[in-house]
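**Q** Chain order of the listed sequences is A and B. Here our numbering is used: the first residue of the first sequence is 1, the next is one more, and so on. Here our numbering is used: the first residue of the second sequence is 1, the next is one more, and so on.
Hint data in this document are derived by calculation from the structure and do not stem from the laboratory. A few of these clues could be false.
Cut-off 20 Å, straight-line C-alpha distance, at most; resulting in silico cross-link-like pairs (EDC-like, lysine to aspartate or glutamate) [stated by the list, open to error]: (1) A:Lys71 to A:Glu97; (2) A:Lys160 to A:Asp86; (3) B:Lys16 to B:Asp30; (4) A:Lys121 to A:Glu97; (5) A:Lys104 to B:Glu226; (6) B:Lys13 to B:Glu51; (7) A:Lys71 to B:Asp127; (8) B:Lys260 to B:Glu167; (9) A:Lys104 to B:Glu167.
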Amino acid sequence: MADEADRKNGAEALPREERAKPDPPGYFEGESMTRRHAFTVAAQGIGGVAGAAIVLPSVGFAVAPIFHRGKERWEAVGPLDDFVEDTYRQVVFTETEGIGDAGKTTAYVRRGSRQLGEDPKEIVAISSRCAHLGCPVRFVEAADNFICPCHGGVYDFVGKVIGGPPPRPLDQFQTRIRNGQAELGPRYSVTSQLQPVRARDPGEFTGGVWEYLYPPRPSTFPPPSG
Amino acid sequence: MKLGSIIPAPLRKPAKPGESDAGKGAAPADLKISPPERPSDAQRLGERATEAPADVLAWVDQRTAASGLLTGMLYRKVPKGTNWFYTLGSATLFAFIVQTVTGVFLAMFYTPSATQAYASITHINNDVFLGQFVHGMHKWGSSVMVILIFLHMARTFFFGAYKYPRELNWVIGVVLLILTMTMAFTGYLLPFDQRSFWASVVGININGTGPVVGPYLSDFLRAGPEFGATTLARFYAVHMLLIPGAIIALIGAHLYLVAKLGTTAPPWLRGERPKVAAPVSQLDAGVEGDGAPPAR
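With the sequences and hints as input, model every part of the structure.
**A** This is how it looks when you write it as structure tokens:
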């Protein structure tokens, strides 16, 4: 509590922070930054640079695979004559090398169907990976449908969703004919109208605004044009 | 020899005030005629030997002052009504310790390679001495830990123990819950059989359904656009290095806050009235009162 004398000579006229402070040790007239403060800033700055030199490469090392696109891979799955227009043949081929059976995937392959307005000189390869959460679907010939065992996704003959939870049609693989052999290439996804887009993971919608909510990843191949 | 004399004095439970028996009695009347016998060399050696552990503990304690921390943790006051529900946190911690110990020993035989992982697991289960037992402890222990952490969380919620001043401990606990679930998720892939492979495929794809960041998150988890050679190694590193370190650090913070803030009484215990009723004006100067004892 300030008494009468304090009030008279103004000892508490200003709040505590604004009262004159004694000069810090080593202070000389006119300096803008004390020596102690300069060393504090320098030490923290150098520490920050040293920390970043360790952390940033480590984080980059861990996230680099997001931006890396592997080599395009094509694999022959049999002569063109092996495939027919009105049903699928199951082929197994390697999608990821170096991990044995875990890197293999299944495709359902047929010739282009004249009934559907496709060119029978080309082949269509539909991925067995369910567009819901990635379980393997099976083509059931009696029903002409693809059926997923996990959560009951059902797709029609061309891979469009006709039942269950999948958000988009089945993925497809790029195809080409080389020396009479049908070859399968990179995977791509399709919109609900079967327009090719870059490969998406299962569970993700395609087309329209979804192209922005589930952006294409740099690790996937561009879809075939047309 | 009593156990109490082996424990060095600083680690003993402090006596309640007035209970100390350090008072000196009167000297025996016949001290001059029959002085106390000198112990033999063998007796003294035996005495020294029994005191050695206490001496070692005291030596460490003098240099670390750890006994204050220990007695503070072990003899801290707990509220009336503390019951078995309050042991769920310790039970979760015990489950974590079991997972740590069995996990370290499983790592000695496990190979995190897509082509050899399953073979190394069958080797552990079929060939290694007690391998199936240790593997089973780790496998079922993970479920036990997940169940216990949820029960512990439910106890905290229903007892209102997350309220001021323990909100930060609730937040740390939620992070620990998420890390535990991540442990369960990453560990599930490691046997690399059909079930764990497809469960992880589905789990990664569920991660991918998050808008905007989802596709990149699933690429990060897989280390590429497809489930590949490095996916298993990545899950293994996350499972045994990254998350355990974070969990241990956060458990330390969690326990520190428990010891510092204390535990709560169960909600069915009402605050007790003081035995001598004090005037309201003394209890709380901010409340207007006439100085009379509170009405019963």
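**Q** Take the hints in turn and mark each one as holding or not.
**A** Hints versus structure:
Annotation: proposed proximity of Lys71 (chain A) to Glu97 (chain A) holds, straight-line Cα distance about 11 Å (limit 20 Å). As the CA atoms of Lys160 (chain A) and Asp86 (chain A) are separated by approximately 16 Å, the hinted pair is consistent with the 20 Å bound. For the proposed pair Lys16 (chain B) and Asp30 (chain B), the alpha carbon gap of about 35 Å is over 20 Å, so the pair is violated. For a cut-off of 20 Å, the pair hint linking Lys121 (chain A) to Glu97 (chain A) is broken: about 29 Å separates their Cα positions.
Restraint check for Lys104 (chain A) and Glu226 (chain B): the C-alpha separation of about 11 Å stays at or below 20 Å, so the hint holds. Restraint check for Lys13 (chain B) and Glu51 (chain B): the C-alpha separation of about 19 Å stays at or below 20 Å, so the hint holds. A threshold of 20 Å between alpha carbons decides the hint, and for Lys71 (chain A) with Asp127 (chain B) the separation of about 40 Å lies outside it, so the pair is violated. Simply put, Lys260 (chain B) and Glu167 (chain B) have alpha-carbon atoms about 13 Å apart, close enough for the 20 Å limit, and the pair holds.
Straight-line distance between C-alpha atoms of Lys104 (chain A) and Glu167 (chain B) comes to about 49 Å, which puts the hinted pair past the 20 Å bound.
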